[in-house]
Amino acid sequence: MQMKPMVEACTLPDARGYYGAYGGRFVPETLIAPLEELAAAYAEAQADAGFRVELAHLLHTYAGRPTPLYLARRLTAHAGGARIYLKREDLAHTGAHKINNALGQGLLARRMGKRRVIAETGAGQHGVATATVCALLGLECTVYMGTADMARQAPNVERMRLLGAEVRGVDGGSRTLKDAINEALRDWASSYEDTYYLLGSALGPHPYPLMVRDLQSCIGREARDQLLAAEGRLPDVAVACVGGGSNAIGLFHAFRDDPVVLVGVEAGGQGIETGRHAARFGDPRRGRPGVLHGTRSYLLQDEHGQVAETFSISAGLDYPAVGPEHAYLREIGRARYTSVRDDEALAAFRLLARVEGIIPALESAHAVAEALKLAPTMDPGGIVLVNLSGRGDKDLAHVFSLFRGAQREAADG
Amino acid sequence: MAEGVTGERRIAAAFATAAADRRAALVIYLTAGWPSLEATLTLVPMLERAGADLVELGVPFSDPIADGPIIQRASYGALQQGTTPRRCVELVAQLRAGGVRLPLVLMGYYNPILAWGVGDCVRACREAGVDGLIVPDLPPEEAGELDGATRADGLALIPLVAPNTPQERLAGIAEGARGFLYLVSRPGTTGPRDRLADGLADYVARARRASRLPLALGFGISSPAQARQAARLADGVVIGSAIVEQAVQGPEAVEGLVRELRTAMAREE
Numbered sequence: 001m002q003m004k005p006m007v008e009a010c011t012l013p014d015a016r017g018y019y020g021a022y023g024g025r026f027v028p029e030t031l032i033a034p035l036e037e038l039a040a041a042y043a044e045a046q047a048d049a050g051f052r053v054e055l056a057h058l059l060h061t062y063a064g065r066p067t068p069l070y071l072a073r074r075l076t077a078h079a080g081g082a083r084i085y086l087k088r089e090d091l092a093h094t095g096a097h098k099i100n101n102a103l104g105q106g107l108l109a110r111r112m113g114k115r116r117v118i119a120e121t122g123a124g125q126h127g128v129a130t131a132t133v134c135a136l137l138g139l140e141c142t143v144y145m146g147t148a149d150m151a152r153q154a155p156n157v158e159r160m161r162l163l164g165a166e167v168r169g170v171d172g173g174s175r176t177l178k179d180a181i182n183e184a185l186r187d188w189a190s191s192y193e194d195t196y197y198l199l200g201s202a203l204g205p206h207p208y209p210l211m212v213r214d215l216q217s218c219i220g221r222e223a224r225d226q227l228l229a230a231e232g233r234l235p236d237v238a239v240a241c242v243g244g245g246s247n248a249i250g251l252f253h254a255f256r257d258d259p260v261v262l263v264g265v266e267a268g269g270q271g272i273e274t275g276r277h278a279a280r281f282g283d284p285r286r287g288r289p290g291v292l293h294g295t296r297s298y299l300l301q302d303e304h305g306q307v308a309e310t311f312s313i314s315a316g317l318d319y320p321a322v323g324p325e326h327a328y329l330r331e332i333g334r335a336r337y338t339s340v341r342d343d344e345a346l347a348a349f350r351l352l353a354r355v356e357g358i359i360p361a362l363e364s365a366h367a368v369a370e371a372l373k374l375a376p377t378m379d380p381g382g383i384v385l386v387n388l389s390g391r392g393d394k395d396l397a398h399v400f401s402l403f404r405g406a407q408r409e410a411a412d413g
Numbered sequence: 001m002a003e004g005v006t007g008e009r010r011i012a013a014a015f016a017t018a019a020a021d022r023r024a025a026l027v028i029y030l031t032a033g034w035p036s037l038e039a040t041l042t043l044v045p046m047l048e049r050a051g052a053d054l055v056e057l058g059v060p061f062s063d064p065i066a067d068g069p070i071i072q073r074a075s076y077g078a079l080q081q082g083t084t085p086r087r088c089v090e091l092v093a094q095l096r097a098g099g100v101r102l103p104l105v106l107m108g109y110y111n112p113i114l115a116w117g118v119g120d121c122v123r124a125c126r127e128a129g130v131d132g133l134i135v136p137d138l139p140p141e142e143a144g145e146l147d148g149a150t151r152a153d154g155l156a157l158i159p160l161v162a163p164n165t166p167q168e169r170l171a172g173i174a175e176g177a178r179g180f181l182y183l184v185s186r187p188g189t190t191g192p193r194d195r196l197a198d199g200l201a202d203y204v205a206r207a208r209r210a211s212r213l214p215l216a217l218g219f220g221i222s223s224p225a226q227a228r229q230a231a232r233l234a235d236g237v238v239i240g241s242a243i244v245e246q247a248v249q250g251p252e253a254v255e256g257l258v259r260e261l262r263t264a265m266a267r268e269e
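Here the protein sequences come in this chain order: X and G.
First residue of the first sequence: 1, per this note's numbering; consecutive thereafter.
First residue of the second sequence: 1, per this note's numbering; consecutive thereafter.
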């Protein structure tokens, strides 16, 4: 696989929030001033040692960073080939990498004097992380969640409520993450004076993709150091699942100038050919550059520019657009993107539970499934680094019902 | 191009006519294809007869982030019935063929325009008799391509301004604007509110300082009483959700509301 240095990418985004042809700020005029305020406050916070120290302290003492890097020996033996390392974001507080971003933005919200925080959530992990940080910092919290996602991620809905957040079900459109973001943006357009919009992925209008990348890049930085300490070398390949793309950009960023192949894994759903998937890069017919939620990026859409419905077993990957920096990394050839089907992810989910005693989030299981494909094609001396972005507790009810359904089908068949 | 200035001119003329009548222009928003394309075809000539000065036809989009529940539902319904951007443009051509003369502006989100192709879309709009475009998710920073295309084809790209737009930015938006300035009356989405926003007079005055174009107030203005208040301040008043809601009841309901609005907006001497 060819690899290009990413010298130019280090300076991106530009002042208008563009990564090459992707990014920007496509929002109603009412949101321009709040976004300007946010960008200025973020730049100021970043330059403030006090802010950085407080964030680092919370990441360590509250979120449990650094998360471990774990050599999955039995998984490696099962795959046969390169060694598979797991970056254990599933062990972070609240069970996923989402806490990294939520803590950083939560501190920013408090610093900006906002009393209320709103967020969108798909799988519920970002909603739980936001609700958690709001409890920690004493902020009021409202989380928008599609009603289809509320049904398949019920435990997370209860967790958010337990943490003191109000969960507002969104019944519009496909009733998933996309619609939750629509509703959060609508809320923010009238509430920005006292409300902070804590966006959970590396998407949306500038400065969100930049901010979320910065706050998630601890994943890759830690993993790089940990691997150098353990192996004295870098991985050959780094793999992460890509919904909006925050865990992936968080992993990739530290390796941008290294000779490491970066692989993003999209949700292949029931297969690209069925049209029932969320593979923005994987479906050349419907995945084209477009504008959704304030940013120009790859977008699954019909011929008329209406946003397409997406399908994935994992709510966190069930999103029709992708963070703009991923579109850019793909275009310049720095990262490649592939997809894994629902059944492959489910098989990886079961396998990791059986051979390593780790139950991954269904999102992360996509990355594990890709690693299982890559490792056997590589030399046993090679290293595949997988971002295990979250744990699977939230998915158990959903997965068990799928298993039961499959058993019934087998019995009926 | 001589033919190309038609859109801007038609809009300017509509505001000038209203001003000569010593009243604010009544701008009516309808979601195209809601409750059906046939209904839209009937409603627009009726609006013209009932006294609307300009009509905005909403091009339905799957993810209308600037819209409240009423227009969201209408957009969704129109999409379910197969309303496409091309069909909306054809609709304008049909309306023109049927003799509709009042300015027609398409209001819709950016992605369908991008998917069509900016140049092709604008050309088709001009040929059909569209006078201008309003794209609520396209701030001036991102509007370069569409601005160039609409300029070349003589269509007005009507910018939106919000109460929280800083004065310097407002001046910059006004500088490049054509047609009219769309003043979003309050933060938030479209849809009825109990009362008009505070500070409207100061806001309109700020816009006046920045622009010589007509100023139209919209978002959150639904009742005749509210329209009357807004009409005292601005050169035009946009009524959207309230009309869309009536559209389901049938043309008579819409016509009744439009006549009420016109009466309410007439200035007492």
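Just so you know, these hints were derived from the structure itself, not from any lab.
This one's a predicted model, so the numbers in the text were calculated from it and none came from an experiment.
Just so it is clear, CB atoms sit at the ideal spot from N, CA and C, and this is done for glycine as well.
Take the hints with a grain of salt, since some may be wrong.
Stated by the list, open to error - If we take Cβ atoms under 7 Å as the criterion, some of the chain G residues that face chain X in the derived model are:
no., residue
1, Gln94
2, Pro136
3, Asp137
4, Leu160
5, Ala162
Comparing the hints with the structure gives:
1. Gln94: Nearest chain X Cβ about 19 Å off; hint violated.
2. Pro136: holds (5 Å)
3. Asp137: Check passed: Cβ of aspartate 137/G comes within 5 Å of chain X, closer than 7 Å.
4. Leu160: Check passed: Cβ of leucine 160/G comes within 5 Å of chain X, closer than 7 Å.
5. Ala162: holds (4 Å)
Against the hints set out earlier in the document, a violation occurs for number 1 only.
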